[in-house]
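Peer 1: Each chain is listed here by its residues.
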Amino acid sequence: MCNVNNKELKVSAIKNGTVIDHIPAENLFKVISILGLENIPNQVTFGTNLESRKLGRKSIIKVADKFFEDAEINKISLVAPQAKLNIIRDYEVVEKRVVNVPDEVVGIVKCFNPKCITNHEPIVTHFAVQSKQPLELKCRYCEKVTTEKQMEIIK
Amino acid sequence: MIKNKSLVSITDFTKDEILRIIELAADFEADPNQRLLEGRIIASLFFEPSTRTRLSFETAINRLGGRVIGFSDANATSTTKGETLKDTIKMVSNYAELIVMRHPLEGAARYASEQSRVPIVNAGDGANQHPSQTLLDMFSMHKTQGRLDNLKIAMVGDLKYGRTVHSLIQAMSHFSPTFYFVAPDELKMPNEYKDFLRAHGIPFEEHRDMNEVIDKVDILYMTRVQKERFSDLLEYQRVKDAYILHNSMLESTRPNLRILHPLPRVNEISTDVDSNPKAYYFKQAENGVYTRMAIIASILGVK
Ligand SMILES: [Zn+2]
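Chains as they are written, first to last, in the working numbering: chain A, 1 to 155; chain B, 1 to 303.
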């Protein structure tokens, strides 16, 4: 525990808010984009290329005064399936949460099929999650399956 | 309830709905001039040309006494000026009571069904779905075999890219079939469909040679083996003749065997088969009109 606390000190502490830990370092900016953190007025601090036994290099994001809904936070499961959330109130961790792959993915992911209508007209993509591990997303429109390897995050 | 429902993918219809379409198609065949759509307007939007499918649908609409508006090629419309599919569908759904559409992009019909105020009948969206073809194939099987249950069905040729065989597998899964897949290695049935069959407990065998299965099946479903599908042209040269059906191969087949093909055929069925009473592909195409009458009449609730 002592060790963990030391690492967390590398990014300044927050009084109230959410700490998102165990984000694969290479997906930090995808998580920021999926959660729309570049467009909110809250104080956001992040650290990246931190050492992690599980992930090699990880990132961590701290968002002050922000508490996410499950549906919102589960969106990041596509790029950070092992992410852990610490809910902070008055500098204390009051709750820990993990992320779950949702049953449906709306937006976020591009359909891998170049002949899919969603890649030719301004349409919000919509997938049914056919398998969570490994991730398989079935497009509502072209009915093709986008796998984890083929997955590309929009914007 | 089929009324007011779009038909985008064959999986949109339940077993009972499929059987209802087949029953209605038989009814229209027995009496093809039922003017149930007198004075009503149906749109036929072909964003890519397909003369065969368009004529079949438009004949069906005309037989029902309905009127057709639309286009047969997107080059003739404002879509070439950059109008979105959404806008075209929004406009046309103000004029027509049902839209038949064909589009080169996959998923176009599903998207249109979400934008349209009126039902959409998918007449083909790229390599994805073509459900009226599947229903006419099933009507043809039912008509020639007197049943859909427990049929032994051989599918021959391009089983990898052929959307008709993929849809047919899904739709026939309601009726306890046995499948025999005959294809060159490069064009074998994809794993996702074999997994689907295993999950539904439907038996299938895979073969490279048609002669191994031809004598034991009720339906021989032929498809085109296209040169463009091969990464190795030598491989194409080597296998192409093995997927051509000749009349001499039919000698000891079952008397009830019927040969189906979604057409157009190139050379995969030799012309000497055409006069064999087991050849059914031209009649199958005619069945398409009755099947499409059944689809349109039931969606519009006039039958
Ligand atoms: Zn798609």
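A couple of the hints might just be wrong.
Subject to a maximum C-alpha distance of 25 Å in a straight line, what follows is the list of computed DSS-like cross-link-like pairs (lysine-lysine) [unchecked claim]:
1. B:K86 x A:K138
2. B:K15 x B:K152
3. B:K152 x A:K110
4. B:K303 x B:K143
5. B:K188 x A:K115
6. A:K66 x A:K30
7. A:K149 x B:K303
8. A:K132 x B:K194
Just so you know, the hints here were simulated from the structure itself, not pulled from any lab data.
Peer 1: Compare the distance between the alpha carbons of K188 (chain B) and K115 (chain A) with 25 Å, and conclude whether the hinted pair is satisfied.
Peer 2: Within the cut-off at roughly 22 Å; holds.
Peer 1: Quickly compare the C-alpha distance for K149 (chain A) and K303 (chain B) to 25 Å and report which way the hint goes.
Peer 2: violated (48 Å)
Peer 1: Does the alpha-carbon distance linking K152 (chain B) and K110 (chain A) stay inside the 25 Å limit?
Peer 2: It is violated: about 40 Å lies between the C-alpha atoms, which goes past 25 Å.
Peer 1: Does K194 (chain B) lie within 25 Å of K132 (chain A) when you go C-alpha to C-alpha?
Peer 2: holds (21 Å)
Peer 1: Within 25 Å, alpha carbon to alpha carbon, are K303 (chain B) and K143 (chain B)?
Peer 2: Cα-Cα ~20 Å, so holds.
Peer 1: Would you mind confirming whether the straight-line C-alpha gap from K66 (chain A) to K30 (chain A) stays at or under 25 Å?
Peer 2: Since the Cα atoms of K66 (chain A) and K30 (chain A) sit roughly 18 Å apart, the hinted pair holds (cutoff 25 Å).
Peer 1: Mind checking the alpha carbons of K15 (chain B) and K152 (chain B) for me, to see if they're no more than 25 Å apart?
Peer 2: holds (19 Å)
Peer 1: Holds or violated: K86 (chain B) and K138 (chain A), Cα atoms, limit 25 Å.
Peer 2: Given that 25 Å is the threshold and the Cα spacing comes to 22 Å, the pair holds.
Of the hints listed earlier, those the structure fails to meet are numbers 3, 7, in rising order.
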